[in-house]
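Number of protein chains: 4
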Amino acid sequence: MAKKLQKIAVLTSGGDSPGMNAAIRAVVRSCAYHGLECVGVFRGLQGLIEGDFKMLDARSVKNLINRGGTFLKSARSKDFHEKEGREKAHLNLVNEGVDALVVIGGDGTFRGASIFIKEFNFPIVGLPGTIDNDIHGTDNTIGFDTALNTVVEAIDKIRDTANSHNRLFLVEVMGRDAGHIALNAGIGAGAEEILIPEEDMGKDRLIESLERSRKSGKTSSIIVVSEGDQIGKNIFELAEFIKTNMEGYDVRVTVLGHVQRGGSPSCYDRVLASRMGVAAVDALLDGKRDIMIGTQNNKMVHVSFEEAIKEQQKIDLELIRVADITSI
Amino acid sequence: MAKKLQKIAVLTSGGDSPGMNAAIRAVVRSCAYHGLECVGVFRGLQGLIEGDFKMLDARSVKNLINRGGTFLKSARSKDFHEKEGREKAHLNLVNEGVDALVVIGGDGTFRGASIFIKEFNFPIVGLPGTIDNDIHGTDNTIGFDTALNTVVEAIDKIRDTANSHNRLFLVEVMGRDAGHIALNAGIGAGAEEILIPEEDMGKDRLIESLERSRKSGKTSSIIVVSEGDQIGKNIFELAEFIKTNMEGYDVRVTVLGHVQRGGSPSCYDRVLASRMGVAAVDALLDGKRDIMIGTQNNKMVHVSFEEAIKEQQKIDLELIRVADITSI
Amino acid sequence: MAKKLQKIAVLTSGGDSPGMNAAIRAVVRSCAYHGLECVGVFRGLQGLIEGDFKMLDARSVKNLINRGGTFLKSARSKDFHEKEGREKAHLNLVNEGVDALVVIGGDGTFRGASIFIKEFNFPIVGLPGTIDNDIHGTDNTIGFDTALNTVVEAIDKIRDTANSHNRLFLVEVMGRDAGHIALNAGIGAGAEEILIPEEDMGKDRLIESLERSRKSGKTSSIIVVSEGDQIGKNIFELAEFIKTNMEGYDVRVTVLGHVQRGGSPSCYDRVLASRMGVAAVDALLDGKRDIMIGTQNNKMVHVSFEEAIKEQQKIDLELIRVADITSI
Amino acid sequence: MAKKLQKIAVLTSGGDSPGMNAAIRAVVRSCAYHGLECVGVFRGLQGLIEGDFKMLDARSVKNLINRGGTFLKSARSKDFHEKEGREKAHLNLVNEGVDALVVIGGDGTFRGASIFIKEFNFPIVGLPGTIDNDIHGTDNTIGFDTALNTVVEAIDKIRDTANSHNRLFLVEVMGRDAGHIALNAGIGAGAEEILIPEEDMGKDRLIESLERSRKSGKTSSIIVVSEGDQIGKNIFELAEFIKTNMEGYDVRVTVLGHVQRGGSPSCYDRVLASRMGVAAVDALLDGKRDIMIGTQNNKMVHVSFEEAIKEQQKIDLELIRVADITSI
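So the sequence lines, in the order shown, correspond to chains A, B, C and D. First residue of the first sequence: 1, per UniProt numbering; consecutive thereafter. First residue of the second sequence: 1, per UniProt numbering; consecutive thereafter. First residue of the third sequence: 1, per UniProt numbering; consecutive thereafter. First residue of the fourth sequence: 1, per UniProt numbering; consecutive thereafter.
Hints are supplied without guarantee of correctness; some may be wrong.
No copy labels: a pair is met if it fits in one copy or bridges any two.
[As the list claims (entries may be wrong)] Quick list of in silico lysine-lysine cross-link-like pairs, DSBU-like style, CA-CA up to 30 Å:
no.: 1; residue 1: LYS215; residue 2: LYS118
no.: 2; residue 1: LYS218; residue 2: LYS78
no.: 3; residue 1: LYS78; residue 2: LYS243
no.: 4; residue 1: LYS78; residue 2: LYS314
no.: 5; residue 1: LYS233; residue 2: LYS243
no.: 6; residue 1: LYS218; residue 2: LYS118
no.: 7; residue 1: LYS83; residue 2: LYS299
no.: 8; residue 1: LYS299; residue 2: LYS314
no.: 9; residue 1: LYS299; residue 2: LYS243
no.: 10; residue 1: LYS54; residue 2: LYS215
no.: 11; residue 1: LYS233; residue 2: LYS54
no.: 12; residue 1: LYS310; residue 2: LYS299
no.: 13; residue 1: LYS233; residue 2: LYS62
no.: 14; residue 1: LYS62; residue 2: LYS215
I should point out that these hints are in silico values taken from the structure, not numbers from a laboratory. This one's a predicted model, so the numbers in the text were calculated from it and none came from an experiment.
Go ahead and model the full structure; you've got the sequences and the hints to work with.
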């Protein structure tokens with residue numbers, strides 16, 4: 001029979017996202033609530049290997065819920081890809097008396113966790129923490145909502161200047177493989193065009209569409225481009241193409257970059273992270289050992305890691321239609 | 001057989017909420033997309049009675065998606081409670097050649113709409129526009145998410161000064177009958193206590209809980225109070241009660257008030273409003289004539305007005321537990 | 001001859017204001033730059049009496065420049081009004097080996113400092129930290145600019161809802177004795193009327209002016225009221241007076257309250273606080289012992305405490321004229 | 001004798017900046033206050049040539065004070081560089097019955113205005129509207145303060161992620177010839193290094209300084225780079241140089257770009273713009289015909305165009321010292 005759960009470790013891994021601190025806080029306080037010990041692991045899976053641990057109690061996580069980033073820091077770990085590294089990590093957990101682990105990160109982190117569980121039969125529960133919202137099995141990831149607001153506020157500012165000068169702006173947003181940020185923020189910002197990796201618009205159709213916009217009386221335009229989009233991948237080249245093919249257009253490029261990862265989390269992300277942190281400890285107490293916490297239909301659900309990493313969250317076709325109609 | 005749909009009117013009614021402009025914009029552009037005419041009605045149901053109409057095309061609603069409030073303005077209408085008023089309204093619609101109506105507002109608006117539909121057999125589709133999120137049949141109302149962010153940002157600021165002075169703050173938020181804003185924003189702001197109308201905590205239990213917090217080492221506290229809460233209804237009296245019953249506590253009150261209604265809508269509310277606006281015109285084209293558009297499980301759904309107004313959206317008990325655990 | 005300066009203490013006192021952390025950070029880093037030791041005093045003058053000290057080095061103040069409030073916390077100290085309290089404070093400073101003190105606060109703090117300097121011949125330099133901008137001898141106080149932005153953003157939100165409903169809003173802002181916040185934020189928010197303690201408008205003139213506004217075609221109005229204003233002191237009474245005397249007006253009241261003290265400081269306040277912190281240590285190194293650092297004509301200046309506390313910063317009549325003209 | 005002033009035209013020219021709308025509003029309302037007519041010119045000097053005029057009254061400029069950009073739009077005008085273009089412009093002004101012109105823009109605009117005044121003896125008053133704060137004779141330009149807040153908020157977000165990953169970020173800000181934005185925002189954001197065109201640091205000194213930072217215990221760094229800086233001009237090259245010369249550093253680049261031009265103006269910029277707009281009309285009424293309105297020592301002043309364009313506003317050496325000390 002399994003040992004009774006007494007001590008939980010928590011770490012953040014991969015790219016940071018707003019709400020990770022809120023999630024850590026919820027895990028720590030949920031441990032305190034259930035009379036469990038909680039240990040924080042610094043610098044993600046690499047810190048696990050190096051034994052970079054610190055005990056956390058309910059007061060350790062005060063004034064954190066509104067902070068962007070992750071106070072446990074994050075890091076990519078090459079060592080964790082090696083059996084040797086994972087063995088060290090496991091040994092550290094055992095020596096520290098840790099019975100289970102909560103990992104907050106994206107699909108890369110879950111892949112690593114999945115291997116670790118199989119190798120050492122060690123219970124892990126994952127929380128989806130990434131701005132990209134590309135995790136299968138959860139309607140939302142921690143940080144996605146905040147990133148959308150950040151992007152939309154930035155584009156609102158760019159539109160001020162676009163309107164003042166009758167300009168066309170290409171705005172690159174994050175999303176190497178997934179267009180969720182581009183599509184939602186594009187609708188929210190009232191973008192004239194949205195280019196995402198899931199759909200290949202083609203340069204010629206883009207020009208046609210821009211010509212239609214111009215004829216319909218639009219004097220300035222915002223095109224939101226996902227960094228992984230086929231024709232938008234090299235955004236500066238695309239800008240040149242538009243300049244060459246549309247006379248009299250003043251085209252500018254803005255790459256939003258890392259501002260999208262930071263910032264104080266939105267209320268939605270704080271609540272989602274809090275719920276997920278509580279659900280993670282509940283799940284471990286309930287004997288779960290190989291799952292991600294997700295949100296579906298606004299309820300907390302358990303999704304096997306296998307399910308979570310087998311494919312990427314799909315784009316909602318309804319949203320593409322809404323984008324088309326409302327940008328008319 | 002019903003006349004083919006050619007002209008739609010749109011209005012906002014009741015308290016304004018952020019995202020109403022985005023919803024109007026989506027209705028107008030969806031009409032343009034489908035080749036329908038669209039007429040805006042100013043000042044809600046009262047404007048319907050007074051015939052305060054204006055034709056709107058796709059360009060009429062540019063640069064509106066990011067604006068708080070409603071450019072069509074809103075108003076409470078006593079006249080619409082009278083048969084005579086409603087008859088005038090109907091006559092105006094008929095004279096204007098309007099075939100169907102989209103109303104954006106709360107349950108009061110839907111009650112009025114419901115009567116109107118029965119009396120004149122006139123097609124109406126409703127969009128839930130209110131910051132209170134108290135409408136049955138939809139997971140979210142337009143404006144709720146923005147209001148939560150506004151409240152959380154305000155409390156973040158208050159916490160700066162609470163922390164600097166070891167003070168206790170009572171913060172009143174909107175929600176006469178429903179605690180949705182208080183509960184979500186309270187979790188998001190890391191409030192120590194949350195008082196909502198759905199649960200009667202009682203003054204004595206509140207004092208006990210505050211004493212426990214103090215003993216656990218907390219030096220400042222935020223209590224979020226829904227304006228309709230039993231013991232929080234008169235927030236200044238409650239503050240006096242705490243001062244009297246807890247020695248050495250510096251207690252302050254902040255009533256957030258109407259800032260909660262305004263502000264540029266969040267990305268979530270802009271996208272929700274856009275989807276709902278598109279779905280409203282789709283529904284009318286599809287022959288629907290007595291429904292509210294809602295969102296359930298992140299999908300657009302049709303909810304009969306009867307269903308929407310029969311009761312208020314319930315508080316999620318999971319959230320109350322999350323609030324309890326994460327404020328430990 | 002005076003002992004060579006080796007150790008400086010720093011504290012924040014009175015009401016907190018955004019930028020106080022930036023000022024502390026600059027004092028601490030300036031000490032590190034000059035090879036001086038720096039000790040932080042918690043909870044202001046009361047902490048000085050209770051010996052609540054902590055050594056601070058350059059790294060102790062990282063990630064603080066953008067935080068509202070004061071991490072050294074602040075408190076009002078009755079004990080410091082007594083000779084006995086001040087003697088304890090002095091003894092603590094001597095025992096700790098502190099050679100000089102930097103106090104960040106308002107005129108109350110400076111009055112206390114002034115007495116202390118005379119009694120113990122102990123060097124003190126003050127930094128003006130208050131949102132009210134009511135300190136004589138400096139064009140700006142640390143926190144004023146941030147508070148103005150907070151107020152203006154709040155009123156922008158209120159205006160969304162005021163415009164949507166054709167309403168009149170009374171918005172109370174801080175400023176018990178001084179109208180600086182009301183006057184500047186009132187101009188910045190495009191308020192129709194601004195009521196400040198320095199000018200007694202009288203209720204009748206207010207009504208006349210509102211009638212003129214109404215006739216000129218204004219459909220909604222914002223009146224910014226300083227909490228210390230003659231007719232605005234009881235803002236709810238004033239609202240009733242307007243309702244009684246102006247037919248058909250929907251009048252609402254919002255008291256902005258403590259949100260005005262918090263929030264991440266504006267760039268201006270961060271730079272001002274950084275400059276003043278550096279200037280304070282420079283002044284002490286230069287043998288100054290009884291001055292406040294001020295900013296005049298965008299230069300750092302030395303103002304004797306006597307000068308700083310003898311009267312309050314005056315309202316600029318040019319601003320009153322600008323308010324009158326631009327609200328036409 | 002000069003004709004009595006009856007009609008004033010106002011335009012915005014060059015790059016847009018936050019607060020331009022507030023300035024236009026103040027000019028328009030000041031005209032209304034003094035009983036003058038006011039005509040808005042769209043698209044700057046090009047619109048002057050093309051006669052793109054519209055009468056503006058006090059109500060035309062409502063709800064504009066909080067909007068970024070310029071509703072009169074702006075444009076660069078090649079035609080205005082030609083005598084022929086200016087003659088058309090003059091003819092349009094005469095035909096429209098305009099007696100004087102207020103131009104809001106940067107030094108390029110003032111140069112054009114200066115020539116126009118000489119050629120046609122036509123009264124022009126300029127307002128400094130640019131985010132760069134590079135105009136001689138005024139302590140602040142309209143839009144500078146807002147841009148600083150925008151930059152500082154963006155870097156706060158980048159620092160969240162920099163701290164979470166122990167990274168070095170190069171952040172490029174606007175300022176082709178002047179380092180005012182970089183220097184002030186760099187201090188405000190707590191940047192470790194600030195590279196400005198006015199000072200050539202040299203790559204080797206930069207590496208030395210970064211090494212010192214690392215030794216002092218800093219684990220992440222922000223370097224703010226003015227786009228016109230010698231070594232920062234090609235920011236991606238500089239990033240490569242740092243990677244090559246500092247082992248184990250994860251270096252990232254963010255180019256903030258056009259978000260810096262937009263956004264709702266800060267309270268400071270709204271008040272400054274309002275004051276300057278009022279002062280412009282005062283100056284014209286007072287017979288001035290060849291000046292820029294500036295702010296010096298927080299007072300409105302008149303600066304001849306000759307003075308304003310003869311050189312660029314200098315960097316304040318005190319600020320460079322404050323940057324050095326507070327980033328220790």
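Original post:
Between the shortest in-copy and the shortest cross-copy C-alpha distance, which are at most 30 Å for LYS62 and LYS215: within, between, both, or neither?
Top reply: between (56 Å within a copy, 15 Å between copies)
**OP:** First find the shortest C-alpha distance between LYS233 and LYS243 inside one copy, then the shortest across copies, and answer within, between, both or neither for a cut-off of 30 Å.
**Re:** both (17 Å within a copy, 24 Å between copies)
Original post:
When no copy is specified for LYS310 and LYS299, does a C-alpha distance of 30 Å or less occur within a copy, between copies, both, or neither?
Top reply: For LYS310 and LYS299, the Cα distance is within 30 Å both inside one copy (22 Å) and across copies (24 Å).
Original post:
Can you tell me if LYS233 and LYS54 fall within 30 Å by alpha carbon in one copy, between copies, both or neither?
Top reply: neither (42 Å within a copy, 43 Å between copies)
Original post:
How would you classify LYS233 and LYS62 at a CA-CA limit of 30 Å: within, between, both, or neither?
Top reply: Classified as between: cross-chain Cα gap 29 Å, same-chain 41 Å, threshold 30 Å.
Subject >> Intra/inter-copy verdict for LYS299 and LYS243 if alpha-carbon distance must be at most 30 Å >> reply: neither (48 Å within a copy, 39 Å between copies)
**OP:** Please work out whether the CA atoms of LYS78 and LYS243 approach to 30 Å or closer within one copy, between two copies, in both situations, or in neither?
**Re:** between (43 Å within a copy, 19 Å between copies)
Original post:
How would you label the pair LYS299, LYS314 (within, between, both, or neither) given a Cα cut-off of 30 Å?
Top reply: Classified as both; 19 Å inside a copy, 14 Å across copies.
**OP:** Check LYS215 against LYS118 for me: Cα-Cα at most 30 Å, and say if that holds within a copy, between copies, both or neither.
**Re:** Classified as neither; 60 Å inside a copy, 41 Å across copies.
Original post:
What label fits LYS83 with LYS299 when the C-alpha limit is 30 Å: within, between, both, or neither?
Top reply: neither (36 Å within a copy, 44 Å between copies)
Subject >> Within, between, both or neither, where LYS78 and LYS314 count as close if Cα-Cα is 30 Å or less >> reply: within (29 Å within a copy, 48 Å between copies)
**OP:** If the cutoff is 30 Å on CA atoms, where do LYS218 and LYS118 land: within, between, both or neither? Let me know, please.
**Re:** Close neither inside one copy (57 Å) nor across copies (38 Å); limit 30 Å.
Consistency note: the structure conflicts with the earlier hints numbered 1, 6, 7, 9 and 11.
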